[in-house]
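J.: Chain residues, written in single-letter form:
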Amino acid sequence: MPKSFDEQKFGLLLILPSFILLGLVALYPILRNLILSFTENDQFIGIKNFILLFQDERFKSSLFNTLLFCLISVPLQLFLGLVFALILQQRFFTRGFVRTSVFLPWALPTAVMAVAWKWIFNDTYGVFNDILLRLQIIKEPLAWLGKPDLAFFCIILAEVWKCTPFVTVILLAGLQSIPPELYEAISVDGANTLQRFRLITLPLLRPFLLVALVFRTIQALGVFDSIWVLTGGGPGGSTEPISLYVYDTVFRYLKFSYGSTMVIFSFILSLIFVFIFYKFWGDRQIEY
Amino acid sequence: MYKLIIITSLMIASSYFSCYPQEKTKITFLGWPDPGGGFEEVISDFEKENPDIDVEMIKGPTSTDTRETMYVTSFLAGEATYDMVFMDIIWVPKFAKQGWLIPLDGWFKEERKEFLPGDIQGSIYQGKIYRVPLQSDAGVLYYRKDLLEKEGFMPPQTWDELIKISQKLQNPPHLWGFVFQGKQYEGLVCNFLEILWSFGGDIFDKKGNLILNSPQGVQALEFMYKLIHTYKITPEGVTTYEEEETRHIFQEGRTIFCRNWPYMWKLTQEENSPVKDKVGIIRIPHKEGKNSFSTLGGWGFGISKFSKNKSACIKFIKYITSYQAQKKLHLKSGIVPTRKALFSDEEILKLNPHYPDLYQILLSAKPRPVHPEYAQISDILKRFIHKVLLGELSPKTALDKAELKIKKVLKE
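Chains as they are written, first to last, in my numbering: chain A, -5 to 282; chain B, 2 to 413.
Honestly, the hints are just simulated from the structure, not real lab data.
It is possible that some hints are incorrect.
[Unchecked claim] Within a straight-line C-alpha distance of at most 27 Å, the following computed DSS-like cross-link-like pairs (lysine-lysine) qualify:
id, chain 1, residue 1, chain 2, residue 2
1, A, K54, B, K306
2, B, K277, B, K169
3, B, K151, B, K129
4, B, K288, B, K412
5, B, K367, B, K208
6, B, K406, B, K208
7, B, K402, A, K42
8, A, K42, B, K208
9, A, K249, B, K406
10, A, K133, B, K227
11, B, K412, A, K42
12, B, K329, B, K316
13, A, K54, B, K329
14, B, K25, B, K408
15, A, K249, B, K412
16, B, K207, A, K54
17, A, K133, B, K233
18, A, K249, B, K98
19, B, K367, B, K402
20, B, K98, B, K207
21, B, K409, A, K42
22, B, K169, A, K133
23, B, K408, A, K249
24, B, K341, B, K207
25, B, K49, A, K249
26, B, K306, A, K249
27, B, K288, B, K409
28, B, K406, A, K42
29, B, K277, A, K54
30, B, K408, A, K42
31, B, K277, A, K249
32, A, K54, B, K129
33, B, K328, B, K316
34, B, K408, A, K54
35, A, K249, B, K409
36, A, K42, A, K249
[Said to hold, decoys possible] Listing some non-contacts, in silico: residues in chain B with all C-beta distances to chain A over 12 Å:
id, residue
37, E115
38, Q220
39, H287
40, Y320
Since the model is a prediction, treat every value here as computed from it, not as a measurement.
Even for Gly, the Cβ is constructed at its ideal location relative to N, Cα and C.
Go ahead and model the full structure; you've got the sequences and the hints to work with.
T.: In structure tokens:
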């Protein structure tokens, strides 16, 4: 039955304050950014900035780095997060303690953890080299943050370590929302563990996986602090993400218009990603 | 009714009293966390002498970049959040070009010759001075006195000598020859400039023409590459080091030579330092037949255009950069002074036997290119220098590319 007009109006009135608040903190900055990206010193310059953007080698390489970072680290986090969630769902002795310690990395400030990783990866006094040398996996100390490939490996390792717990929390909540009767029913039908996972757990976990995926992807596309501390975008610019370039452009070169153009570009990029996820993964309804 | 009257009168009274302290002129600046408490003491001394002025030092984060961002944000808002700008030497042209600083020529003219020349030179943009230097800073070479003396070596004057001594004494990976700051960040440019200057090159000539891509430039970059890959006196990990990494390596006795700033001296001389009393300090070496130069850093005070209390700011800046205040800052917080006379102050000399050496180094220190687009130029340089150190680009190709990009920035 449709609600009476008055009731609708009253409802709108109630959410108006939050709309205004959202408009001020979210919509206004986005619009202002959009305007800035098409102007230079208050003069309309059309899409000149966007043309410059696609000729800018540094931007292209930072775009590539961001996408690579996102495409490697997010699937890893989802996979590991799922594994951890499944383990933590089981009943075992000291489960509470293990759960807490698994979530610990997520609770630490990223910058602090990145400083710790920087020490760990140091070539002369870092723990990482020390362990590998003692195990005789490497013969000479490696400069982990000093070579493009190794540095990329390091930032991904640090990110996965830090953000997997977030995925674990969400998926664990998802697992707990699956009614146990379903498992009982399928057991009666004679399904094995793998079939149970494939037919019940995975489909019912889909909305939670989607949430984790969207959140992690958006954050990975905007990654800043861990890379800033660990490599500063080096070596030779090989780990620089878009956000670091934006920071330099706006705060150090004081080029606000060009910086806004990059922000608008990454905004659209995130939207495309989210759109794709919902289109291909989010449309099926789950019915118990 | 009575109640109402009482409440109203209380409110009036309280608003009057809360207004009262406002009659004092309040001036603020954003500083660092003030280890040693030197700034706090100088400020309270100043407030005792000038009871009508209230100076507030906002203790900002340690990171220079973050404090720069905080200043920029407040300037962009057009607000007088900070009346005075406590700034790094490289901010001067950028802020001055935006019109955020007021020139100080009116009252800071005669006294300039009392200060170190490099600090003054770096405070001037397009003929006007925007900063009164308070702390000086310049790259120096630390060396292990004990190791050199044992083998009868003199401290090196030239790069060739440094290589020779290193190769003779080193035992990598336990003891390296030479470490510097090689991470892709501002410190790398400071290190590169010192080597470039010591090979007779520069980024701009006196007229402001770009002369980076010269035979000297190629030689300097090649030399940096060879330190790691040919002479093998520098660990490959140098491409990840900032100041503190190099200090740890030096302080743990794992390198003979270390390029760093003067701050490191005090830390190497602490009680639990393994290299206590084993450290010497000299100028950055140079190529045979050329001269040594150090990159100048350092801090000083400017005044924000948006400040409403400029005369109080002038009073305070005059005070804090005076002989006595700088001396106090040095004794309390170890700040390297900018007034020449303080380098022959007996009390300071007693505590710092290396100050005469440091004075000579500071006298010959050069500021980085004073240019409003310096941040962008520096970023281009650090990317390409880093690529050379990694062996990804040859020195010549790197300079060709860097030159092209810098030209583009200059044209904009």
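J.: Taking the hints in turn, state whether each one holds.
T.: Here is how each hint holds up against the structure:
1. A:K54 <-> B:K306: 38 Å, violated
2. B:K277 <-> B:K169: 23 Å, holds
3. B:K151 <-> B:K129: 51 Å, violated
4. B:K288 <-> B:K412: 33 Å, violated
5. B:K367 <-> B:K208: 16 Å, holds
6. B:K406 <-> B:K208: Holds, because 20 Å separates the two Cα atoms, which is no more than 27 Å.
7. B:K402 <-> A:K42: Measuring from Cα to Cα gives roughly 24 Å; hence the hint holds.
8. A:K42 <-> B:K208: Judged against 27 Å, a Cα distance of about 33 Å means the pair is violated.
9. A:K249 <-> B:K406: With a Cα-Cα distance of about 16 Å, the restraint between K249 (chain A) and K406 (chain B) holds, given a limit of 27 Å.
10. A:K133 <-> B:K227: 23 Å, holds
11. B:K412 <-> A:K42: 17 Å, holds
12. B:K329 <-> B:K316: 18 Å, holds
13. A:K54 <-> B:K329: 51 Å, violated
14. B:K25 <-> B:K408: Status violated; Cα separation ~50 Å.
15. A:K249 <-> B:K412: 15 Å, holds
16. B:K207 <-> A:K54: 35 Å, violated
17. A:K133 <-> B:K233: 17 Å, holds
18. A:K249 <-> B:K98: The hint holds at about 13 Å.
19. B:K367 <-> B:K402: 25 Å, holds
20. B:K98 <-> B:K207: 20 Å, holds
21. B:K409 <-> A:K42: 16 Å, holds
22. B:K169 <-> A:K133: 24 Å, holds
23. B:K408 <-> A:K249: Since the Cα atoms of K408 (chain B) and K249 (chain A) sit roughly 17 Å apart, the hinted pair holds (cutoff 27 Å).
24. B:K341 <-> B:K207: 26 Å, holds
25. B:K49 <-> A:K249: 43 Å, violated
26. B:K306 <-> A:K249: 21 Å, holds
27. B:K288 <-> B:K409: Roughly 31 Å between the alpha carbons, so the hint for K288 (chain B) and K409 (chain B) is violated.
28. B:K406 <-> A:K42: Status holds; Cα separation ~19 Å.
29. B:K277 <-> A:K54: This hinted pair is violated, its Cα atoms lying about 49 Å apart.
30. B:K408 <-> A:K42: Holds. K408 (chain B) to K42 (chain A) sits at ~20 Å (cutoff 27 Å).
31. B:K277 <-> A:K249: 47 Å, violated
32. A:K54 <-> B:K129: With a Cα-Cα distance of about 40 Å, the restraint between K54 (chain A) and K129 (chain B) is violated, given a limit of 27 Å.
33. B:K328 <-> B:K316: 18 Å, holds
34. B:K408 <-> A:K54: 20 Å, holds
35. A:K249 <-> B:K409: 15 Å, holds
36. A:K42 <-> A:K249: Between K42 (chain A) and K249 (chain A) the Cα gap is close to 14 Å, so the pair holds against 27 Å.
37. E115: 33 Å, holds
38. Q220: 21 Å, holds
39. H287: With a cut-off of 12 Å, H287 (chain B) remains clear of chain A, as the shortest Cβ separation is near 27 Å.
40. Y320: 31 Å, holds
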